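So you can see what is in the structure, the chains are spelled out below.
Protein chains: 2
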Amino acid sequence: MSENEKHPVVRVEYPEWVDGVVEWDRTYATDAERMRLAISISRENVERESGGPFGAAIFESVSGRLIAVGMNSVVRLNNCTLHGEMVAFMMAQQKIGSFSLNGPNLPVHELHTSCEPCAMCLGATLWSGVQRVVYGAAREDASLLNFDEGPVFPESYEYLEKRGIEIVRNVLRDEARAVLELYRQKSGKIYNA
Amino acid sequence: MSENEKHPVVRVEYPEWVDGVVEWDRTYATDAERMRLAISISRENVERESGGPFGAAIFESVSGRLIAVGMNSVVRLNNCTLHGEMVAFMMAQQKIGSFSLNGPNLPVHELHTSCEPCAMCLGATLWSGVQRVVYGAAREDASLLNFDEGPVFPESYEYLEKRGIEIVRNVLRDEARAVLELYRQKSGKIYNA
Numbered sequence: 001m002s003e004n005e006k007h008p009v010v011r012v013e014y015p016e017w018v019d020g021v022v023e024w025d026r027t028y029a030t031d032a033e034r035m036r037l038a039i040s041i042s043r044e045n046v047e048r049e050s051g052g053p054f055g056a057a058i059f060e061s062v063s064g065r066l067i068a069v070g071m072n073s074v075v076r077l078n079n080c081t082l083h084g085e086m087v088a089f090m091m092a093q094q095k096i097g098s099f100s101l102n103g104p105n106l107p108v109h110e111l112h113t114s115c116e117p118c119a120m121c122l123g124a125t126l127w128s129g130v131q132r133v134v135y136g137a138a139r140e141d142a143s144l145l146n147f148d149e150g151p152v153f154p155e156s157y158e159y160l161e162k163r164g165i166e167i168v169r170n171v172l173r174d175e176a177r178a179v180l181e182l183y184r185q186k187s188g189k190i191y192n193a
Numbered sequence: 001m002s003e004n005e006k007h008p009v010v011r012v013e014y015p016e017w018v019d020g021v022v023e024w025d026r027t028y029a030t031d032a033e034r035m036r037l038a039i040s041i042s043r044e045n046v047e048r049e050s051g052g053p054f055g056a057a058i059f060e061s062v063s064g065r066l067i068a069v070g071m072n073s074v075v076r077l078n079n080c081t082l083h084g085e086m087v088a089f090m091m092a093q094q095k096i097g098s099f100s101l102n103g104p105n106l107p108v109h110e111l112h113t114s115c116e117p118c119a120m121c122l123g124a125t126l127w128s129g130v131q132r133v134v135y136g137a138a139r140e141d142a143s144l145l146n147f148d149e150g151p152v153f154p155e156s157y158e159y160l161e162k163r164g165i166e167i168v169r170n171v172l173r174d175e176a177r178a179v180l181e182l183y184r185q186k187s188g189k190i191y192n193a
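Protein chains in written order, with our numbering: chain H, 1 to 193; chain D, 1 to 193.
Treat the hints with care, since some could be wrong.
Said to hold, decoys possible - Okay, derived cross-link-like pairs now, DSSO-like style, lysine-lysine, Cα gap no bigger than 30 angstroms in a straight line:
id, chain 1, residue 1, chain 2, residue 2
1, H, Lys6, D, Lys95
2, D, Lys6, H, Lys95
3, D, Lys6, H, Lys6
4, H, Lys6, H, Lys95
5, D, Lys186, D, Lys95
6, D, Lys95, D, Lys162
7, H, Lys162, H, Lys95
8, H, Lys95, D, Lys162
9, H, Lys162, D, Lys162
Simulated from the structure, these hints should not be mistaken for laboratory data.
Quantities reported herein were computed from a predicted structural model and do not represent experimental measurements.
Hey, can you work out the whole structure from these sequences and the hints?
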């Protein structure tokens, strides 16, 4: 079924601008450098009007090698599941050819996301195989724009932590929040509001 | 970027067997008929060895028209996000050309899934626009196979219900559970265990 006209085929790819904002071959040594990339992607997504104000990236924890990025693509691709984190998970797994980023022959991977993950993305984090999550802006920052994060509770984070996933909060929060504010100023579309 | 060799492209499509098990043009009048389709898909996914024992379908609530189906495609497509419900949401939205199944010019849609949704799928349910969720087997049935449902709490369901989403539990639970048992007998791969 390489080309199936009868049924829908969902195709997820980066927007054209991705290579203008992402330096694929450099090393991202610190949390600040990694988060700054996620925030740059969120900002570019707003400025290009290609989606919501959310960006993400997946790195090898030790080497700092960049594996994949993600940007909110809900409106661009007519797909409610394509939050920035989800696009990053999908692209990373497609790239390495595995449904988990955690395996005996794989380095440890981590997710950096410009804003606290919603319920869907937090669930996917558990399945993704990343072993560390770093976020920028907080749930409350997104709520000011009427973005709903869904059923996420303190127990949700405890659930992930019990399975060995480290959570790091509010890294470069002000920079991340500034993109949310930019989006508000541009009167961006708040889907699922 | 119609063909981009530099970056991964994620392509989500049905397995070839879908038309053998899904009657696309008939009307599914009752919850039992709708659930039986979701269970048939879960069973076929196991028998064809194309994925985990989970199937889903999205219907127009009033007309009973079938919009899309989904089957667990995590291993088949190397993508941790592709649970049955997620594939169903993506396919339905691709088909109608909207990131939400809830809109002023759209009929009410509902999800039927052969097993209680995990945390990711429950979050996505909120964003999908379906206004009713019907599930077959329960979380405890899946747990017996070491499938983890993630951070889902009673409050998670309350969150959805407060936003107007009706939850209907354990429809044809025994039939749905039988597919989980079939999977166990075939010693299926329990990913993310």
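Outcome of the hint check:
1. Between the alpha carbons of H:Lys6 and D:Lys95 the distance comes to roughly 11 angstroms, so the proposed pair stays at or under 30 angstroms and holds.
2. Note on D:Lys6 and H:Lys95: the hinted pairing holds, with a Cα-Cα distance of about 11 angstroms set against a maximum of 30 angstroms.
3. A distance of roughly 29 angstroms separates the Cα atoms of D:Lys6 and H:Lys6; the hinted pair therefore holds under the 30 angstroms criterion.
4. Using a Cα cut-off of 30 angstroms, the hinted pair H:Lys6 and H:Lys95 holds, with the two alpha carbons roughly 28 angstroms apart.
5. For the hint linking D:Lys186 to D:Lys95, the alpha-carbon distance of about 34 angstroms lies beyond 30 angstroms, and the restraint is violated.
6. A hinted pair counts as satisfied when its Cα atoms are at most 30 angstroms apart, and D:Lys95 with D:Lys162 qualifies at roughly 28 angstroms.
7. Restraint check for H:Lys162 and H:Lys95: the C-alpha separation of about 28 angstroms stays at or below 30 angstroms, so the hint holds.
8. A hinted pair counts as satisfied when its Cα atoms are at most 30 angstroms apart, and H:Lys95 with D:Lys162 does not qualify at roughly 39 angstroms.
9. Between H:Lys162 and D:Lys162 the alpha-carbon distance is near 29 angstroms, which keeps this suggested pair within the 30 angstroms criterion.
Checked against the numbered hints given earlier, the structure breaks hints 5 and 8 and satisfies all the rest.
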